[in-house]
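**Student:** Chain by chain, the residues:
2 protein chains.
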Amino acid sequence: MSTSRIRKEVDEALLAFVDRQRPALLAISDDLAPLLSALDALLTGGKRLRPAFCYWGWRAAGGEDGADGADLVQAAASLELLQASALIHDDVMDSSDTRRGQPSVHRRFEALHGAQSWPGDAEAFGAGAAILLGDLCLSWSSEMFETCGLGGDRRRRARAVYDLMRTEVMCGQYLDMLEGTRGEATAATALRVVEFKSAKYTIERPLHMGAALAGARPDVTAALTGYGLPLGIAFQLRDDVLGVFGDPAETGKPAGDDLREGKRTVLIALTLERASAAQSTALRRRLGDPALDRPGVDELRSIIEDTGGLAACETMIERYLGEAERALRTAPITEEARRALAELAVAATARST
Amino acid sequence: MSTSRIRKEVDEALLAFVDRQRPALLAISDDLAPLLSALDALLTGGKRLRPAFCYWGWRAAGGEDGADGADLVQAAASLELLQASALIHDDVMDSSDTRRGQPSVHRRFEALHGAQSWPGDAEAFGAGAAILLGDLCLSWSSEMFETCGLGGDRRRRARAVYDLMRTEVMCGQYLDMLEGTRGEATAATALRVVEFKSAKYTIERPLHMGAALAGARPDVTAALTGYGLPLGIAFQLRDDVLGVFGDPAETGKPAGDDLREGKRTVLIALTLERASAAQSTALRRRLGDPALDRPGVDELRSIIEDTGGLAACETMIERYLGEAERALRTAPITEEARRALAELAVAATARST
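First to last, the protein sequences are chains U and R.
Going by the UniProt record's numbering, the first residue of the first sequence is number 1, and it counts up by one from there.
Going by the UniProt record's numbering, the first residue of the second sequence is number 1, and it counts up by one from there.
Everything labelled a hint here was simulated from the structure, so no lab data went into it.
It is possible that part of the hints are untrue.
[Stated by the list, open to error] Here are the simulated distance ranges between beta carbons: (1) R:S117 <-> U:D306: 30 to 36 Å; (2) R:G66 <-> U:G322: 54 to 60 Å; (3) R:T3 <-> U:K47: 39 to 45 Å; (4) R:E123 <-> U:P119: 19 to 25 Å; (5) R:G114 <-> U:A347: 40 to 46 Å; (6) R:D153 <-> U:P23: 23 to 29 Å.
[As the list claims (entries may be wrong)] Part of the chain R face toward chain U, derived, beta carbon under 8 Å: (7) A24; (8) L26; (9) E146; (10) F196.
Note that CB positions come from ideal geometry on N, CA and C, so glycine has one too.
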């Protein structure tokens, strides 16, 4: 299937799944409707990257479209609910105001509280609702995966990947937060976070899940790691650059939002390693300032460029992307999968969408 | 198996599961050790009520001890990880300081932050770590359930119960929070919350899960609802009474903690329905005051007693418990299961443990 076709089928599978849950929720209470609309709004956005990698892991290992392919799409789409959960909880933890160009879920419920003039604490209500909706998405992800229709030993092996991936991404998120609060991340410690929080979660494990569902041989799984892990690192480094320099219309977040949140990314670590005392002081002083305005963002952007931090990060992206491309060239997979994965590699690390 | 024997086997299954995860986490980073110790501490406590009901649902439907019994214990124990997740997230949402007689998970990580003198925001770090550990427990619960060893159609049917239960408890929690923030719960709306957040989650669904894993006939499942649903309501009403009047040594929470958190329980609704204008004003003024001290707790306790709210709640507990006991008498289950479920009904609604 083409990328746009995969996206369309994943969208349809997600909508069908949520539509199966909808009547059960509304039968409990009409008061649950805002949970469903918040989820509908969130699921409208997103590039469906993880399902695409899951699909191509399946195809790379010999899986085909058709009846099994529809089941595979459901399993792949379940990754979007996992991602929705991660985004919702992440935004609570980071106190982010926006996501995918819309208010974040906790802000949405805070606004509902205000609009209804309820007497309690609006911020606590927003955070609580977001925690619960994230929990619901996490539960629904496993429900959607487990009921995908692909059974037996293949699902058992894919489940082991799915379970490992969930553990890895949650541990990676914790380490990311830890580096953020300690404020002493080096490029090396930041890369370790990237590996678990992002590279495995976004690319390597989705590929492995699809491959396991197709009954992949070990050499195929290993080749997908050779491609997916460096590509996943390059993907996250690109995301870090976009978090500072990206166009809000494309990132769905305000300009320089990662700076305001004080994220201790590889880009920041590379910058600090290269900064003069004055540059370092200026960067550390403003990084994580929730009130950072546009001139403040511009000042920090200049430091990241002037130190050579940005150039060093771009060099790393090229290096990891090159590594992924080399691994892909010799991978024991079909030519069709090789071409599609080469295109996905470019799309996942592009400077703009 | 006896209640103490079930408890022991569930404890062992939980420990074995966490011990299988431990090396994977520590291989990612030693920095993850505090997540494991927080979970170890939390899992030390708890009455293992849900696994006990799951076990007796299995036995009631003809399941036996032995090899399949060990697999059933793993499935039953997975409910404790779901409960751990719910408690951890609940304590974040309620800003609770204690759980099971120890600091709540978010306070524990807040303290770690302080002890390490990290520069970032300790409270945000604590909440973030708790959100992530709750997510990990939720993931691990489904992993533990899915890998229990009982396969085929029985697990498929039990999974449908498990999935429904997760949706119900999360929706129930949202409605609970909503009633709390709106501050206008009647006994009827509070009872609806109790049904989903507590009665189904704690008793009816665990019974159904065990029964489904044993391949229960529909009449057995229906009889377990007849017993489990009213018992679950009686259980939560007892918990509400203990949340106001209970001994901290037994509840693991400070005296009157539910009053400090402003929980809109059936007990509070029954009290407000019976209160004079002065009593109502006094109760509404102090309910949910985080600074409520011991004399304040005593004042509110007096109002709950003097209005007859407490007596009305005790009457409801008796009525629901009686309903459960009548349903149990005619349930098409073994005498052994009937006896065990009768004992569990008493234990789940006892005035003290």
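**Student:** Hint by hint, note whether the structure agrees.
**Tutor:** Hints, one by one, checked against the model:
One distance hint, 30 to 36 Å for the beta-carbon pair S117 (chain R) and D306 (chain U), holds here, with the actual separation near 32 Å. Checked against the given bound of 54 to 60 Å, the beta carbons of G66 (chain R) and G322 (chain U), roughly 57 Å apart, stay inside it. For the pair T3 (chain R) and K47 (chain U), the beta carbons lie near 52 Å from each other, so the given range of 39 to 45 Å is not met. Between E123 (chain R) and P119 (chain U) the CB atoms are about 24 Å apart, so this pair conforms to the stated range of 19 to 25 Å.
For the hinted restraint 40 to 46 Å between G114 (chain R) and A347 (chain U), the CB-CB distance of approximately 44 Å keeps it satisfied. Taking the beta carbon of each, D153 (chain R) and P23 (chain U) are about 25 Å apart, inside 23 to 29 Å as hinted. At its closest, the beta carbon of A24 (chain R) sits 7 Å from a beta carbon of chain U; the interface hint therefore holds under the 8 Å criterion. Taken as an interface hint, L26 (chain R) does not check out: its beta carbon lies about 10 Å from the nearest beta carbon of chain U, beyond 8 Å.
The beta carbon of E146 (chain R) is positioned within 8 Å of a beta carbon in chain U (closest approach about 6 Å), and the interface hint is therefore held. At about 6 Å, the closest approach between the beta carbon of F196 (chain R) and any beta carbon in chain U falls short of 8 Å, and the interface hint on this residue holds.
When the structure is compared with the earlier hints, violations turn up for hints 3 and 8 and for no others.
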